[in-house]
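Using the sequences provided together with the hints, build the complete structure.
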Amino acid sequence: MQVGNVPMSLEEIAYRANLMRYDIVDMIGEAGSGHPGGSLSSADIVATLYLSGAMDYDPTDPQNPARDRFILSKGHAAPVLYAVFVQLGIIERDEIFTLRKLHSRLQGHPDCKKLPGVEVSTGSLGQGLSIAAGLAAGLSIDAGEGKAPTVFALLGDGETQEGQVWEAAMFANQRKLSNLVAIVDYNDLQIDGHCEDVVGVAPMAQRWEAFGWKVFEIDGHSVEQIRDALAQAKEYSEGPALIVAKTVKGKGVSFMEDQAGWHGKAPDAEKRAAALAEIEQLVAQSKSEMEACNGR
Amino acid sequence: MAGKATRAAYGETLIELVEEGVNVVAVDADLSGSTTTAKLGKAYPERFFQVGIAEQNMIDVAAGLALSGRIAFTGSFAVFGTGRVYDQIRNTVCYSQLNVKIAPTHSGVSVGADGGSHQMVEDISLMRTLPNMRVLVPSDYNSAKAAIRIAASADGPFYIRLGRASVPEVYESPEGFEVGKAHVLREGGDVTIIACGSEVDEAMRAAEALAAKGIASEVIDAFSIKPLDAQTILASARKTGAVVTAEEHSIYGGLGSAVAELLAERLPTPMKRIGVQDTFGTSGTPAELFAEFEIDAEAIARAAEMLVASK
Numbered sequence: 000m001q002v003g004n005v006p007m008s009l010e011e012i013a014y015r016a017n018l019m020r021y022d023i024v025d026m027i028g029e030a031g032s033g034h035p036g037g038s039l040s041s042a043d044i045v046a047t048l049y050l051s052g053a054m055d056y057d058p059t060d061p062q063n064p065a066r067d068r069f070i071l072s073k074g075h076a077a078p079v080l081y082a083v084f085v086q087l088g089i090i091e092r093d094e095i096f097t098l099r100k101l102h103s104r105l106q107g108h109p110d111c112k113k114l115p116g117v118e119v120s121t122g123s124l125g126q127g128l129s130i131a132a133g134l135a136a137g138l139s140i141d142a143g144e145g146k147a148p149t150v151f152a153l154l155g156d157g158e159t160q161e162g163q164v165w166e167a168a169m170f171a172n173q174r175k176l177s178n179l180v181a182i183v184d185y186n187d188l189q190i191d192g193h194c195e196d197v198v199g200v201a202p203m204a205q206r207w208e209a210f211g212w213k214v215f216e217i218d219g220h221s222v223e224q225i226r227d228a229l230a231q232a233k234e235y236s237e238g239p240a241l242i243v244a245k246t247v248k249g250k251g252v253s254f255m256e257d258q259a260g261w262h263g264k265a266p267d268a269e270k271r272a273a274a275l276a277e278i279e280q281l282v283a284q285s286k287s288e289m290e291a292c293n294g295r
Numbered sequence: 000m001a002g003k004a005t006r007a008a009y010g011e012t013l014i015e016l017v018e019e020g021v022n023v024v025a026v027d028a029d030l031s032g033s034t035t036t037a038k039l040g041k042a043y044p045e046r047f048f049q050v051g052i053a054e055q056n057m058i059d060v061a062a063g064l065a066l067s068g069r070i071a072f073t074g075s076f077a078v079f080g081t082g083r084v085y086d087q088i089r090n091t092v093c094y095s096q097l098n099v100k101i102a103p104t105h106s107g108v109s110v111g112a113d114g115g116s117h118q119m120v121e122d123i124s125l126m127r128t129l130p131n132m133r134v135l136v137p138s139d140y141n142s143a144k145a146a147i148r149i150a151a152s153a154d155g156p157f158y159i160r161l162g163r164a165s166v167p168e169v170y171e172s173p174e175g176f177e178v179g180k181a182h183v184l185r186e187g188g189d190v191t192i193i194a195c196g197s198e199v200d201e202a203m204r205a206a207e208a209l210a211a212k213g214i215a216s217e218v219i220d221a222f223s224i225k226p227l228d229a230q231t232i233l234a235s236a237r238k239t240g241a242v243v244t245a246e247e248h249s250i251y252g253g254l255g256s257a258v259a260e261l262l263a264e265r266l267p268t269p270m271k272r273i274g275v276q277d278t279f280g281t282s283g284t285p286a287e288l289f290a291e292f293e294i295d296a297e298a299i300a301r302a303a304e305m306l307v308a309s310k
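Chains A and B, in that order, give the protein sequences.
Taking numbering that gives the first Met the number 0, the leading residue of the first sequence gets 0, the next gets one more, and so forth.
Taking numbering that gives the first Met the number 0, the leading residue of the second sequence gets 0, the next gets one more, and so forth.
Some clues are possibly wrong.
[Claimed, not checked] Not close to chain B: a few residues of chain A, all C-beta gaps over 10 Å, as computed: (1) Gly88; (2) Glu118; (3) Ser129; (4) Ala132; (5) Ala135; (6) Val197.
[Claimed, not checked] To spell it out: a stretch of chain A is covered by chain B in this simulated footprint if at least three of its residues, at any positions, have a beta carbon under 8 Å from a beta carbon of chain B; those stretches are: (7) 49-58; (8) 163-173.
[What the hints assert, rightly or not] Example chain A residues on the side facing chain B (calculated, C-beta under 8 Å, incomplete): (9) Phe96; (10) Lys112; (11) Gly116.
Hints were generated in silico from the structure; no laboratory data involved.
Just so you know, even glycine gets a beta-carbon here, dropped at the ideal spot from N, CA and C.
The following block contains the structure:
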């Protein structure tokens with residue numbers, strides 16, 4: 000069910016993740032508000048999901064009942080979703096500059112009634128995993144003995160402070176939902192500071208293991224590790240699987256990295272230009288790596 | 000005549016719908032015996048989803064099941080099934096306009112002995128304010144069957160208010176119900192009594208008492224609180240010039256408020272609202288509590304008499 004050149008090479012995914020970073024900063028800068036930190040930290044994860052072939056998904060046929068689903072439970076990272084939609088051709092790049100503006104399809108948080116490709120509206124934290132679990136349960140029953148579509152959900156690390164996440168974790172384990180894959184964007188920051196200083200979320204992997212989940216721990220900026228973990232999590236057939244993706248908030252922009260202050264703040268014109276200049280370097284570097292690889 | 004509780008229609012009607020080929024499922028939170036969704040689970044295990052004592056998860060699992068193409072009904076008690084999960088209903092079910100039907104049981108003070116923590120009298124208010132939500136309040140077993148069938152056949156979110164206690168039969172069949180349609184159960188020219196749920200029978204008995212005093216009451220079962228049957232209500236208010244509302248719910252935000260909003264803008268009419276007066280419930284039998292909170296037939300009749308006297 001793939002189109003274009005998906006699955007892409009690891010080098011191309013890394014390159015496109017950097018293009019997405021550029022768009023994320025550019026659209027949030029234009030909007031004057033938004034959440035750059037958690038969008039940038041999850042860029043490699045979301046790029047790899049859609050571009051590595053991990054998801055069985057045809058962007059020209061977004062209602063295909065056999066498609067794998069992606070639910071962005073951390074809905075404030077909407078720009079990362081819009082950025083990958085640009086890569087997929089679901090939206091034109093120019094549209095990103097309507098982000099957060101009146102009558103835009105690109106709402107501050109993803110709105111499935113406005114933008115095709117958004118599976119369900121999110122924004123209130125803690126709900127995406129429950130929705131994903133219900134969807135996975137339904138798809139699993141429909142598939143019978145066959146292979147059910149996989150439902151992927153991306154959660155923030157701070158989001159696991161929401162009690163409902165653990166209600167969903169118990170339910171998914173109870174029903175052994177092997178077509179459910181959750182990913183935690185573990186950047187260790189939330190609005191009020193480091194997660195461990197706010198209300199600790201560690202040990203992340205052990206918590207989920209105790210709830211009966213198969214856990215994979217990876218570097219959330221290694222496209223190769225993300226790709227392999229997604230494939231293994233999808234194949235895991237005993238129950239639900241979680242990928243703990245260790246990331247850096249604001250990844251790719253030096254002055255935003257590991258800074259809680261950039262969770263929900265847009266760069267001003269000067270900072271926007273500085274950030275885009277940094278990301279341009281990343282884009283150029285990853286592009287040359289991709290081309291060197293293609294030339295081999 | 001004595002009838003069954005509105006909740007008795009729940010599991011039974013879902014089973015009927017399954018057997019008619021409708022893709023309904025139920026999600027419940029450890030109260031499936033009380034809500035009667037367990038009947039569906041027993042008859043068709045693949046149509047029933049147990050989430051345990053986890054109401055937030057219940058609503059969003061239902062949302063996910065709706066995304067998989069199912070018509071998902073949720074259970075639990077009204078206090079947990081609407082109040083505790085308001086955000087899940089708002090931000091997921093209604094915002095994404097999903098095919099989820101919120102139909103918890105044990106609404107109102109007629110829950111009885113469990114007391115105020117379990118007597119939900121703010122649910123109509125909470126659900127009525129949500130965009131994309133429609134609100135049906137059945138008054139007996141047959142109208143409950145009708146409400147469940149309507150919700151299953153129309154796409155998008157519904158709230159159906161069901162009760163624990165047995166209520167007298169008002170309707171002989173589940174036919175003739177529609178979203179946005181009220182039922183005039185008794186015609187009269189002196190005062191209009193608009194009721195919903197368990198108060199419909201109280202209103203009918205109030206009308207009998209008023210008739211003995213020479214006051215002719217028009218009794219309307221609102222049934223559909225949102226959308227409200229503006230045409231029927233305005234026509235009756237125009238005819239009688241006096242309106243009493245009656246509900247087993249707070250006077251704030253429920254049927255009384257909905258009727259007051261309508262009349263204030265379209266046809267200002269002297270009104271009295273019978274309902275729980277900005278207080279929590281308490282332990283007692285349903286009959287004791289209807290007297291205690293002055294939402295019984297006597298209270299309705301007194302209000303109607305005062306309105307008619309002040310004309």
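Tested hints:
Once the 10 Å rule is applied to beta carbons, Gly88 (chain A) is consistent with being away from chain B; the minimum gap is 24 Å. With a closest Cβ-Cβ approach of about 7 Å to chain B, Glu118 (chain A) is found to fall inside the 10 Å limit, against its non-interface label. With a closest Cβ-Cβ approach of about 3 Å to chain B, Ser129 (chain A) is found to fall inside the 10 Å limit, against its non-interface label. Non-interface call for Ala132 (chain A) relative to chain B: violated, since the shortest CB-CB distance, roughly 6 Å, does not exceed 10 Å.
Non-interface status of Ala135 (chain A) relative to chain B is broken: a Cβ of that chain comes within 10 Å, the nearest being about 7 Å off. The claim that Val197 (chain A) is not at the interface with chain B holds, since no C-beta of that chain comes within 10 Å of its own (minimum 21 Å). By the rule of at least three residues with a Cβ nearer than 8 Å to a Cβ of chain B, the coverage given for the stretch 49-58 of chain A is violated, with 0 such residues. Counting residues of the stretch 163-173 of chain A whose C-beta sits closer than 8 Å to any C-beta of chain B gives 6, which meets the bar of three, so the coverage hint holds.
With its C-beta approaching chain B no nearer than about 25 Å, Phe96 (chain A) sits outside the 8 Å limit, and its interface hint is violated. Residue-level restraint check for Lys112 (chain A) holds (minimum Cβ-Cβ distance to chain B is 6 Å; threshold 8 Å). Taking 8 Å as the C-beta cut-off, the interface hint given for Gly116 (chain A) is violated, the closest approach to chain B being about 14 Å.
Figure legend: structure checked against the earlier numbered hints; hints not met, in rising order: 2, 3, 4, 5, 7, 9, 11.
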